[in-house]
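**Q** Given next are the chains, with one letter for each unit.
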Amino acid sequence: MLFLTGKSLTAWISQLTMDRTVIAPVKGANDLVFFQPVTGSEAIFIKSQNAALSPKDWFFPRSEAIMSFVTKNGKTQIIPAVMEKDAVIFGIRPCDARAISLLDKPFLAEPADALYQERRNRTTLVGIACVTVCQECFCTSMGSGPADPKSLDILLTPADGGFAVQVVTDKGKRLLEKAITQDKELVLPNPPEVKTVPSSGVTEAMRKAFNNIYWDRVADRCIHCNICSFVCPCCYCFDVRDYKEKDKIQRVRSWESCESALFTRAAGGHNPRPSKGARMRQRFAHKLLYFPDIFGDLKCTGCGRCVKNCPVNIDIREIISDVQKLARE
Amino acid sequence: MSQPIRDKARELLQTKKVECVIGWERATDGVTARPLFVYDIKDVDRLIFDQTCVHNLSRYLRDRKDKTTAIVAKPCDARGINMLLNEQQLDRQKLFIIGVVCQGVNERCWGQADARQQERCQWCRQHVPPVYDFLVGEKPASEPSAPSYPDIAEFEKKSPEERRAFWEEQYQACIRCNACRHSCPGCYCQECFAENLDPTWVGIRIAPAESQIWNLVRAFHLSGRCVDCGACEQACPVNIPLMLLNRKLQKDGIDFFGFEPGLSAETAPPFATFKKDEKLEGGE
Chain G
131 MLFLTGKSLT AWISQLTMDR TVIAPVKGAN DLVFFQPVTG SEAIFIKSQN AALSPKDWFF
191 PRSEAIMSFV TKNGKTQIIP AVMEKDAVIF GIRPCDARAI SLLDKPFLAE PADALYQERR
251 NRTTLVGIAC VTVCQECFCT SMGSGPADPK SLDILLTPAD GGFAVQVVTD KGKRLLEKAI
311 TQDKELVLPN PPEVKTVPSS GVTEAMRKAF NNIYWDRVAD RCIHCNICSF VCPCCYCFDV
371 RDYKEKDKIQ RVRSWESCES ALFTRAAGGH NPRPSKGARM RQRFAHKLLY FPDIFGDLKC
431 TGCGRCVKNC PVNIDIREII SDVQKLARE
Chain E
417 MSQPIRDKAR ELLQTKKVEC VIGWERATDG VTARPLFVYD IKDVDRLIFD QTCVHNLSRY
477 LRDRKDKTTA IVAKPCDARG INMLLNEQQL DRQKLFIIGV VCQGVNERCW GQADARQQER
537 CQWCRQHVPP VYDFLVGEKP ASEPSAPSYP DIAEFEKKSP EERRAFWEEQ YQACIRCNAC
597 RHSCPGCYCQ ECFAENLDPT WVGIRIAPAE SQIWNLVRAF HLSGRCVDCG ACEQACPVNI
657 PLMLLNRKLQ KDGIDFFGFE PGLSAETAPP FATFKKDEKL EGGE
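Chains as they are written, first to last, in my numbering: chain G, 131 to 459; chain E, 417 to 700.
There could be a bad hint or two in this list.
Claimed, not checked - Just some of the chain G residues that point at chain E, by a computed CB distance under 8 angstroms: (1) Gly158; (2) Ala159; (3) Asn160; (4) Ala182; (5) Ser193; (6) Lys280; (7) Ile353; (8) Phe360; (9) Tyr373; (10) Lys376; (11) Asp427; (12) Val442.
Claimed, not checked - Label-pair ranges, simulated between beta-carbon atoms: (13) G/Lys215 to E/Glu503: 49 to 55 angstroms; (14) G/Pro167 to E/Trp617: 45 to 51 angstroms; (15) E/Phe687 to G/Leu162: 31 to 37 angstroms; (16) G/Ala173 to E/Ala688: 43 to 49 angstroms; (17) G/Arg337 to E/Phe609: 36 to 42 angstroms; (18) E/Glu572 to G/Asp377: 21 to 27 angstroms; (19) E/Ala581 to G/Pro402: 28 to 34 angstroms; (20) G/Glu172 to E/Gln588: 17 to 23 angstroms; (21) E/Pro624 to G/Pro236: 26 to 32 angstroms; (22) G/Arg347 to E/Phe609: 29 to 35 angstroms; (23) E/Lys483 to G/Pro236: 48 to 54 angstroms; (24) G/Lys157 to E/Gln528: 17 to 23 angstroms.
Keep in mind that the hints were calculated from the coordinates and are not lab data.
For every residue, glycine included, the Cβ atom is placed at its ideal position computed from N, Cα and C.
Next up, chain G with everything else stripped away, as it sits in the complex (with noise of 0.2 angstroms):
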């Protein structure tokens, strides 16, 4: 099996970081872990068990401006955005590469999102696997795991004095060139044991379940705060405004989230989505219903982000788990 020293490991990072953006989990302010931009290996955290946030932001930012336009003389023209350099995504866990590949169906579909697409193809996914849980991970039932290398380029699997290496993608071969790999005999732990979530047949129970009085009850106590959306490594709904300064105009996209009452008032007033109810659901049944109805998976990896941060306890794992006895009433 293939296996990287720590030594070998630090030293390919700093390679990497010469010509590529290099994002990887940093322990910020207040200890959280986030991705961020490394100059080199020693900043990197991968101890933590999920990061704060997953990596979405850097195929799709909380706030990016996707084209300028610029007046001069008076004529007008349009910059779009550009990607400086190719980037790696290290110490992504199978879960969160997950996301990115649910991500990709709606923002690849034709006709594809320039930006995310260009991102997508430049950037290279290294993987660490856990070799321990979170008490709110449901991966496995979300069709990945926590050894799960099928979203990554390359999965590492810490061993001994150092990481087992699985090369995955030819994009994955093509990032290790540069590393000093051995080979060596291996047997690797098993994984760990995941939770498990109801999830088989969710689609159809959500179908079934749609109008019960059962949506309102949870909204009771949901404080549309949006941080589900937010921690959410699927999640892609967003706003854009234009900017203005001077003689230039940035037009802008931001993260939004369905629970906000604002995100879907119309001019004039009128919101198909009233109540806190109706949001919530929409919330629910964009993962569990109309997602999967589309695009064939549900949109929901399992990480846990959303149950440990819900301030009033909406939790997805127990959603499931209701709404397939809703159905089965």
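Mind docking chain E on chain G? Use the hints.
**A** The following block gives chain E in isolation, referenced to the frame of chain G:
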């Protein structure tokens, strides 16, 4: 303390005095708490109260303005009720307050049974709700002493440059999810300045300048109104110490106006009143 709350809730629902009781129940991690709306007597035994009940439930009352509701209220929830009553957001006649004596609540840490007590609770002197219809728990013999702000005094020792650097790092983490706003009983504007289009006070960009404006204006809009419940800070997914800002404004409210929000429904906050002859000493 849970049993008397359940008994009272059962009685209120049985006699149809209220349609709904808002309290807390155990969350799905088995250790923290979550808000619970009880409409049916069969659910009253789910109600609990302990140091994990961190939310400010008064935040929900405006959603039920026209309906009869009972609410389990810690002192800071009750202060939220007073603030909302003073601002004419609630109908006292439709409200039944089950007050609970509180010795402080913990940090909301998902799945952690050993979460420590919130820092603000260590300085809190208000252990009995300032308004209630029925009280659960032993009333302490002495009246509450004046509030103290040693945390703020400590922070004020830093130089302006140090404070700026500190907050810049904090705002950098802000993802503008607005959870601070939605967890707060005092943030209820129909159209928040952050979403106002004409004029646009702050754009939609999730970037340091916008985050800074958002966080500062949010805090300022609660000056003289913040009831020190910590709901915003407990909700923040990136752990911004929002109470440090809020408590600074609380302290200024006491120092300049001798006013503590939410202690009574009768007294309006200083920025909601204007007297022709009023003048602030030592400032413009």
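**Q** The structure should be examined with respect to each hint, and the outcome stated for every one.
**A** Outcome of the hint check:
| no. | hint | in the structure |
| --- | --- | --- |
| 1 | Gly158 | 7 angstroms, holds |
| 2 | Ala159 | 5 angstroms, holds |
| 3 | Asn160 | 4 angstroms, holds |
| 4 | Ala182 | 6 angstroms, holds |
| 5 | Ser193 | 4 angstroms, holds |
| 6 | Lys280 | 28 angstroms, violated |
| 7 | Ile353 | 4 angstroms, holds |
| 8 | Phe360 | 4 angstroms, holds |
| 9 | Tyr373 | 6 angstroms, holds |
| 10 | Lys376 | 16 angstroms, violated |
| 11 | Asp427 | 25 angstroms, violated |
| 12 | Val442 | 5 angstroms, holds |
| 13 | G/Lys215 to E/Glu503: 49 to 55 angstroms | 53 angstroms, holds |
| 14 | G/Pro167 to E/Trp617: 45 to 51 angstroms | 31 angstroms, violated |
| 15 | E/Phe687 to G/Leu162: 31 to 37 angstroms | 34 angstroms, holds |
| 16 | G/Ala173 to E/Ala688: 43 to 49 angstroms | 48 angstroms, holds |
| 17 | G/Arg337 to E/Phe609: 36 to 42 angstroms | 40 angstroms, holds |
| 18 | E/Glu572 to G/Asp377: 21 to 27 angstroms | 43 angstroms, violated |
| 19 | E/Ala581 to G/Pro402: 28 to 34 angstroms | 45 angstroms, violated |
| 20 | G/Glu172 to E/Gln588: 17 to 23 angstroms | 20 angstroms, holds |
| 21 | E/Pro624 to G/Pro236: 26 to 32 angstroms | 29 angstroms, holds |
| 22 | G/Arg347 to E/Phe609: 29 to 35 angstroms | 32 angstroms, holds |
| 23 | E/Lys483 to G/Pro236: 48 to 54 angstroms | 40 angstroms, violated |
| 24 | G/Lys157 to E/Gln528: 17 to 23 angstroms | 19 angstroms, holds |
In this structure, the earlier hints numbered 6, 10, 11, 14, 18, 19 and 23 are contradicted, and the remaining ones agree with it.
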